[in-house]
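Novice: Protein chains in written order, with the numbering used here: chain A, 1107 to 1645; chain B, 1256 to 1595; chain C, 147 to 433.
Worth flagging that the hints you see were computed from the coordinates, not collected in a lab. Idealized CB from N, CA, C, for every residue including glycine. Please note: incorrect hints may appear among the correct ones.
What the hints assert, rightly or not - The list that follows gives simulated cross-link-like pairs (lysine-lysine, DSS-like), each with its CA atoms no further than 25 Å apart:
hint	chain 1	residue 1	chain 2	residue 2
1	A	1410	A	1476
2	A	1506	A	1410
3	B	1320	A	1554
4	B	1339	A	1234
5	C	202	A	1431
6	A	1431	A	1506
7	A	1457	A	1506
8	A	1452	A	1431
9	A	1431	A	1410
10	A	1452	A	1476
11	A	1476	A	1457
12	A	1554	A	1234
13	C	202	A	1506
14	C	202	A	1515
15	A	1476	A	1506
What the hints assert, rightly or not - Simulated coverage check for chain B against chain C, where a stretch passes if three residues somewhere in it have a Cβ under 8 Å from a Cβ of chain C:
hint	region
16	1278–1291
17	1340–1351
18	1540–1552
19	1562–1570
For reference, the chains in residue letters:
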Amino acid sequence: MKKTYSIVMLSICLALVAAMAGCSGRTGGETSGDNADAKDGIAVYVGTTIFSESLDPVKGAMSYGYSFTNNALLKVDPQSEYVGDLATDWSVTDDALVYTFKLRDGVRFSDGSDFTAEDVAFTYNTVKENQANNENVDLTRLQSAEALDDYTVEFTLSEPYSPFLDTAAMLGIVPSDGYDSEAFDRFPIGTGAWKVAQYDADQQIIVEANEDYYEGAPAIPRVAIVYLDGEAALPAARSGDLDISMVTPNFASDRIDGMRLEAFETMDVRNISLPVRAETTMQNADGDEVIVGNDVTSDVNVRKALAIGIDRATIIENAFNGIGKPAFGFTDNLLWADTEIDADAKRDEAKGILEAAGWIDADGDGVREKDGRACAFTVYAASSDNDRYLLAAALSEDAKELGVDIEVKTASWDEFGKLQYSSGIVWGWGQYSPTVLDSLFNSGEFMKGPFSNVVGYDNADADARIEAAYGAGDQADAIENWKEAQRIANADYPYLYLVNIEHCYFVSDALDISAETQIPHPHGHGSPIICNMKDWTLK
Amino acid sequence: MRGTRLAASPGGVMRKIILPAGIAARMFLLLIAVSILSFILITESPIDPLTSYVGAESTLSEAAKDEIAAHWGLNDPAPERYLKWAGNLLRGDFGVSITYKRPVIDIIRERFSYSVVLMMIAWALSGVLGFAMGICAGLRRGGVFDKAVKTFCLVLQSAPTFWLGLLALSFFSVTLGWFPIGMAAPIGKPAVDVTFADRAYHLILPVLTLTVASIGKITLYTRQKLIEMMDGNFILFARARGETTGQLTRRHLIRNIALPAVTVQFASFSELFGGMALAETVFSYPGIGTATTAAALNGDVPLLLGIALFSALFVFAGNLIANILYGVLDPGLKAGGDYV
Amino acid sequence: MYDEDLAIAKNGRISAMSTRTGLLVLILVASAYLLFIFFRGVFMDPELYASRFADKFLAPSLAHPFGTDFTGRDMLFRSIKGLSASLVIGLIASVISSVIGLVFGIASAVVGGKFDKFILWCIDCCMGLPHLVLLILISFMLGRGAFGVTIGVALTHWPELTRVVRAETLQLRAAPYVLASRRMGMSTFRIARTHIVPHVLPVYLVGLVLLFPHAIMHEASITFLGFGLPPESPAIGVILAESMKYIATGKWWLALFPGLMLLATVLLFDLIGENLKRLLNPTAGNE
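Work the whole structure out from these sequences, hints included.
Specialist: Printed below as a string of structure tokens:
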């Protein structure tokens, strides 16, 4: 009997010892790891969009203006103005058809080759030839890209295209000799401040400072951009493994020793598409029958009542812990945004509109009806994005005040293809280029692109303004037309704008992320913080 | 209760020590059948076959897409498509994963190496600890320790693995801060710098969870066998010869129970795999389990097919070993009752 | 099964009669609890588990015994609703699965020969893949959501029961009265119907009850992984998957209580099944 027990106890002890060995081994490993980190670089979690796409600029990588491996001709400064990057100077002819860029001298790619006009022409022509692979840069109106000499490149357009400067700021330049479509997905060669040293799909991308960077090598030698499940961001930050950890607003009220919370201004707005057409069925681009339109949201009075009647501050408080600004359209950090509307929480006025339109709660269940139809519709949020679900849920709660019943559901992006024409969808928009207005309001885009003009908006005046904006000879003229297009469309309230979000990060107290050179963050789920990574320093 | 299963049903032939060639052939046929089953399930999904191989956001040229369609027979009827797939597999070509944009075989190799470590440690630990606990409990049948073990095991068997993982994570990592929250190595450390200790440290909680999740069955099985044997005639006989409980345990019981217990452990590879997948999800451990969910959620057909096949191979290996052991067993012993 | 209470009973310390009553009471209490969860959930006013942002992240209290989640939903009601959804899926899946098991098991044993071999082979085939992987594959084929997960769970749980029914039937087939009926020229179908089915029913019933906990647990697991019920639905798998997001912020109640409820449900089903087995077949106390 005793011996049995000793055998059993022995085996339990052995198991415990094995576990202990793991523990103590860890202590050693940890310490050396920390030391190595402090010396060699930092680890950041800035969302996962970087991992989900190719890093090759030719295929549209990081086109929101935060490529760290490849510079573009221009870049955006913190005031949202275009300034030179690889180009030092540029000019546009009066007919707005020819753009000439003077290039920076003495810049080298990370493979050691010299940067010249040849590379620029190559990049633009390659993208134009493979336009289908790049949905972020539209070069269909580019007729030719030519190197006039080593440091001058000339673009000729087939017709005026006012957002071309934006294109020049988005498209990172690749070397004409070293370009390799396959390798560049993970290891792009560029003139940027960083080069990719290690790429572990859906785990981490380790970038190292480009010692030859033309503005001087970054102060931090190595940055590990890590992939985490969103929910792991906070604990990972708390564990001390991360120097930056993006968190959703819901976690922003937490405190972490040795880290501070920074919330950054963005141009990223969340709105909900409200189908403007009456319900019917149509064939989509793939030839499938889809339900189009919604008999509740097609009433402009319902859309308007929501737009002016909901209390955005409460919604933001509920969904996002109060982080973010109420939004009524695009944001004022965009040169082309129209920011005239700002009606909010006008409950009585909204109720009046609904009642005048015949939406009355006759049966006392809290939901208005008209002709036997309840004032109810469904809003879908992407199942992968909990923040959008929260936003929709908070909206739903607030809309009850107005007697509008919004059912919130989740669906995958694939499923949106069938749902988006007849239900509300929570969208996120935020980019420097005004072309977003084209995909929101242009009647020609309806049922064309995967997520374009899903509400079915159709207004000839708005279409004309968009067309005029594209063809405008000078920027001021273009901007005026973009603004007018928004004014026309927003009067019909096809989209219910809710919030201009802020990106929240826990940042190590030892790290200075150069707030003064941060640009307003475009859409990109938090990644844009790294756009000025070269200016960061460790204290 | 949660019964052990042996892939090939017990029969007279199984009693022979060496696995007959016929059985081996039968099991191999079974593997092929399983691969056909997986193939049908995966390829009959609503996803367009070409999309399923190149991804919805493919940037490939039309010519490249045609090449892939021809290579995998995506426009052929299902039987031919299967044969093409199987043919490519035999040449080691599993296709390219959409999710990870790398050859499927590389991903499976890499991920499996992580998962195998996790599964085997948990498997061995739960086996050894469970066996020891079962013997202890069985020897003192009806005692406090026995009752505690029995309740503990019944509860563990009813607790979902992922919930156990969540509790472990919440307590050991969040509240106490003893262990990392997840992953297989410190965040941001280049692969070459990751030490053995790093790996071990990140393994502890997932291993603990998986061990605890799978310990119930083997403990109760051992205990049950021991009790059955203690009630048997030959124990009475031995006692009559004057052997003490300690001698008995050492000379007869452990020896006679060990083999069926090991057999049961081998036959539980299927549940082990499922538990591993759940534990990996909780701990964001980059093993084959997280790859399985990622592949299925992203419609990554080549990877899903590859993983299905490898998981079948894994279960197959466990069952094969169990069957061989079963053949070695005393024919009088009933290994792994096929009760529900 | 793993129990010696019966052995003790045989020793005369507790009379067989009182054991029987005790078992019945246990079964009734457990069933009452499960039925309560089921009906409470099915007929629950959605307002009880609706979002109320003013109440978000409340720790357990008298007003909210299980606390509230990130949109202020009451976790007790949400858990009950979720469990009842699991019970519904478990019920449908178990019934489908057990009917398949009953038919295949009896047919396999009665018909015998090639057919028997084929059924056994099908069982091995289904068990050749890890159960969870098979579930994922089926839900992959049928699309995610309630339908996929129900069918998945239903189609993967029949093999065990088929084996049990088959084994039971094989024993019966060799029984003298069955052999006699056969000699008297009774058709196979009629033998199955009059002699086999009634005798196999108790085993089948126990098997059905014991399928339940598996079905529920697999539904929760597969939903947890993102293949089952959609994220906005109140389901235990969804609740626990959500709790993972907030576990690092110390919202322990989000995972603990719903998990405990799931655990209790699974345990109770096991308890009912095991005790039912003993009630129906007292001589086979130990497997």
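Novice: For every hint, state whether the structure bears it out.
Specialist: Evaluated hints:
no.: 1; hint: A:1410 / A:1476; in the structure: 16 Å, holds
no.: 2; hint: A:1506 / A:1410; in the structure: 15 Å, holds
no.: 3; hint: B:1320 / A:1554; in the structure: 23 Å, holds
no.: 4; hint: B:1339 / A:1234; in the structure: 36 Å, violated
no.: 5; hint: C:202 / A:1431; in the structure: 21 Å, holds
no.: 6; hint: A:1431 / A:1506; in the structure: 22 Å, holds
no.: 7; hint: A:1457 / A:1506; in the structure: 11 Å, holds
no.: 8; hint: A:1452 / A:1431; in the structure: 17 Å, holds
no.: 9; hint: A:1431 / A:1410; in the structure: 20 Å, holds
no.: 10; hint: A:1452 / A:1476; in the structure: 22 Å, holds
no.: 11; hint: A:1476 / A:1457; in the structure: 14 Å, holds
no.: 12; hint: A:1554 / A:1234; in the structure: 21 Å, holds
no.: 13; hint: C:202 / A:1506; in the structure: 18 Å, holds
no.: 14; hint: C:202 / A:1515; in the structure: 19 Å, holds
no.: 15; hint: A:1476 / A:1506; in the structure: 16 Å, holds
no.: 16; hint: 1278–1291; in the structure: holds (count 4)
no.: 17; hint: 1340–1351; in the structure: violated (count 0)
no.: 18; hint: 1540–1552; in the structure: holds (count 4)
no.: 19; hint: 1562–1570; in the structure: holds (count 6)
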